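S.K.: Letter by letter, the chains look like this.
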Amino acid sequence: MPTDVPLNGHQLTLGLMPLNDAAPFVVAEQLGLFREEGLAVTLKWQPSWAALRDDLQTGVLQGAQMLALMPLTSTLGLDGRATPVISAMTLNLGGNSITLSRALMAALGEDGHDLSSPLQVAKALAAHMRERKQRGEPLLKLASVHPFSSHRYLLRYWLAAGGINPDRDVEMRAVAPPLMAAQLASGALDGFCVGEPWNSLAAAQGMGQVVAGSHDIWRFGQEKVLGVREDWAEQHPLAHQALIRALLNACAWLDRPGNRARAAEWLHDEGMPEVPMSVVTRGLEDVDVEQSVDDFQQHNPGWTIFHRYAANFPWRSQTRWYAAQMQRWGHLEGISDNDLEATLARCVRPDLYRTAARKLGMVVPVADERSEGTHPAPWWLSGEAGQVPMPADGFIDGAVFE
Amino acid sequence: MPVTVLIVDVRSERSAALEQALLSAGFEVALRVDEHEDLHALVEQHQPDAVIIDADLPSRDTLEHLGQLGRRYPKPMIMLASEDAPDLVREAAGAGVSAYVVDHVIPAMVRSMVEVAITSFEAHRALKGELNRTQTTLVQRRSVDRAKAVVMETRGLSEDAAYQYLRKTAMNRRLALHELADELLKAARRR
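Going line by line, the protein sequences match chains U and V. Going by full-length UniProt numbering, the first sequence opens with residue 1, and the numbers climb by one from there. Going by full-length UniProt numbering, the second sequence opens with residue 1, and the numbers climb by one from there.
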């Protein structure tokens with residue numbers, strides 16, 4: 001049995017991607033939060049999600065910033081080689097956007113479509129695709145970032161909400177975030193769904209226009225998670241708790257007013273020096289206390305929440321929503337509902353979150369699950385130490401997920 | 001028919017040497033490209049038998065996606081690891097997955113490198129296909145059993161009669177038995 005002794009320079013290598021939501025790792029390092037918890041952390045920037053997954057599965061990394069589905073698909077053996085990976089913490093809510101090329105936006109505009117909302121743009125795109133088909137023109141090409149990504153399923157959800165069949169009406173691809181803007185410019189892609197700062201970059205370079213953000217499709221949905229190998233977590237429960245606490249503190253810092261600009265500077269310097277600093281800063285902006293959440297979200301489609309609204313709690317129901325999207329498109333064939341539930345229970349670990357959050361006096365929700373799309377207005381979540389204010393949630397097509 | 005290889009590498013010196021080695025070993029090299037090319041279109045166009053790619057290139061996610069798309073696309077991938085990572089090489093090679101990592105390329109070894117990668121990939125894929133079929137059959141059988149239980153309960157039928165009812169309905173509706181079972185279960189859950 002492990003005892004509660006302080007860690008002394010426990011060495012860890014963590015993987016992360018050049019994205020704005022890698023911020024918690026960079027902030028924890030810069031503020032010395034890992035060190036305060038007795039951890040000696042090395043951050044390893046990864047060139048692709050595939051490389052990050054391989055490094056975690058082969059033991060080069062003990063933990064990583066991961067797409068919400070990755071612990072599940074790694075454990076099920078769908079992604080790389082079967083390796084149990086667990087997540088006890090969500091790193092952020094939202095942060096992705098859908099960007100369409102300038103040429104495509106011009107074509108939609110010429111057709112005289114209503115482009116006043118993310119849903120209207122999807123409907124206009126559906127009409128445009130039908131016209132292209134009639135004229136015998138090739139399918140449009142849209143990209144997300146990795147087979148088992150939130151981006152792939154948010155993009156498919158948005159397309160379907162507009163009446164587009166992503167398996168028939170469009171050609172779907174995967175392109176790594178740093179290459180997206182260039183492929184849009186060269187015409188290899190007509191649009192994409194990716195995390196910040198890559199949408200802001202395409203917009204700043206005049207190559208594309210952002211037409212929808214994560215929150216337009218699924219308000220305050222789970223985005224990246226902290227993933228660690230299950231065997232590592234079992235062998236080093238104290239180091240795992242220390243890691244969660246350090247990242248929780250980093251996330252809390254990121255959502256305190258006035259800190260985002262500094263975080264953007266560190267992110268830029270450490271992980272993506274090729275992206276202009278102003279673009280990183282722009283994509284990382286947070287709502288001001290004076291502003292309305294709805295208004296801010298409309299003008300900042302890539303808005304990323306790191307801590308507020310019980311953001312770090314690993315809702316099993318949110319990961320299940322992504323799994324339900326995989327089922328919807330036939331990407332989970334051969335996995336029974338029972339096996340899926342058992343694997344979700346194994347991979348998503350609110351119990352481990354609670355231990356860490358209680359020690360820090362942070363928000364601890366009472367339930368492991370919640371419904372989505374049932375809160376049209378701000379609501380109160382039951383927490384162990386009282387009620388937690390939550391924003392309205394919902395899906396672009398008005399669906400309810402229970 | 002010659003075996004066709006696609007090389008994705010930004011280090012042109014290394015990839016030129018690799019191309020030479022592959023050609024003299026009797027392979028056909030479809031193309032040498034760097035990461036800024038439209039890799040998705042190139043793979044579709046050239047249909048290579050294997051892809052050799054620098055493990056540090058972002059384009060790997062494009063190949064992974066192609067691998068998920070359908071039977072035509074998954075290709076054995078040979079990773080060129082630029083830094084010395086002997087543990088990683090051994091681990092990935094031993095895992096029998098499509099990724100086969102080498103840290104540097106010895107011309108004399110090129111032939112066996114590509115052949116081993118293709119063979120182990122095919123073997124792995126055959127095994128995975130077998131597993132998938134077994135799993136699917138199991139899942140299908142389970143849903144038929146559950147649908148049978150639902151019919152027994154809602155219609156007050158014996159097990160045998162419930163099964164005959166399912167078979168007849170499936171035949172009338174031109175559905176496979178497990179497809180009908182899934183529909184029934186979905187409807188039962190909504191109620």
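Hints were generated in silico from the structure; no laboratory data involved. It is possible that part of the hints are untrue.
[As the list claims (entries may be wrong)] Below, in silico cross-link-like pairs of lysine to any residue (SDA-like), each with a Cα-Cα straight-line distance of 20 Å or less:
id	chain 1	residue 1	chain 2	residue 2
1	V	Lys186	U	Glu274
2	U	Lys44	U	Gly9
3	U	Lys44	U	Phe401
4	V	Lys186	U	His331
5	U	Lys133	U	Met172
6	V	Lys186	U	Met172
7	V	Lys186	U	Ala324
8	V	Lys186	U	Phe401
9	U	Lys123	U	Lys44
10	V	Lys186	U	Ile335
11	V	Lys186	U	Gly9
This structure is a prediction, so every number in the text was calculated from the model and none was measured.
S.K.: Can you confirm whether the C-alpha distance between lysine 186 of chain V and isoleucine 335 of chain U stays at or below 20 Å?
M.R.: holds (16 Å)
S.K.: Within a Cα-Cα threshold of 20 Å, do lysine 186 of chain V and glycine 9 of chain U meet the stated pairing?
M.R.: violated (53 Å)
S.K.: Between the alpha carbons of lysine 186 of chain V and methionine 172 of chain U, is the straight-line distance 20 Å or under?
M.R.: Not OK: lysine 186 of chain V and methionine 172 of chain U at ~29 Å, beyond 20 Å, violated.
S.K.: Please work out if lysine 44 of chain U and phenylalanine 401 of chain U have their alpha carbons no farther apart than 20 Å.
M.R.: The given pair, whose Cα atoms are some 36 Å apart, is violated under the 20 Å limit.
S.K.: Holds or violated: are the alpha carbons of lysine 44 of chain U and glycine 9 of chain U at most 20 Å from each other?
M.R.: Status holds; Cα separation ~18 Å.
S.K.: Are the Cα positions of lysine 186 of chain V and phenylalanine 401 of chain U separated by 20 Å at most?
M.R.: Judged against 20 Å, a Cα distance of about 16 Å means the pair holds.
S.K.: Checking one constraint from the list: CA of lysine 133 of chain U to CA of methionine 172 of chain U, max 20 Å. Satisfied?
M.R.: Measuring from Cα to Cα gives roughly 16 Å; hence the hint holds.
S.K.: Given the proposed pairing of lysine 186 of chain V with glutamate 274 of chain U, does the C-alpha separation stay at or below 20 Å?
M.R.: violated (51 Å)
S.K.: Please verify whether lysine 186 of chain V and histidine 331 of chain U have alpha carbons no more than 20 Å apart.
M.R.: holds (19 Å)
S.K.: Is the Cα-Cα distance between lysine 186 of chain V and alanine 324 of chain U 20 Å or less?
M.R.: This hinted pair holds, its Cα atoms lying about 14 Å apart.
S.K.: Below or equal to 20 Å on CA atoms is what counts here, so check lysine 123 of chain U against lysine 44 of chain U.
M.R.: violated (41 Å)
The structure shown violates the earlier hints numbered 1, 3, 6, 9 and 11.
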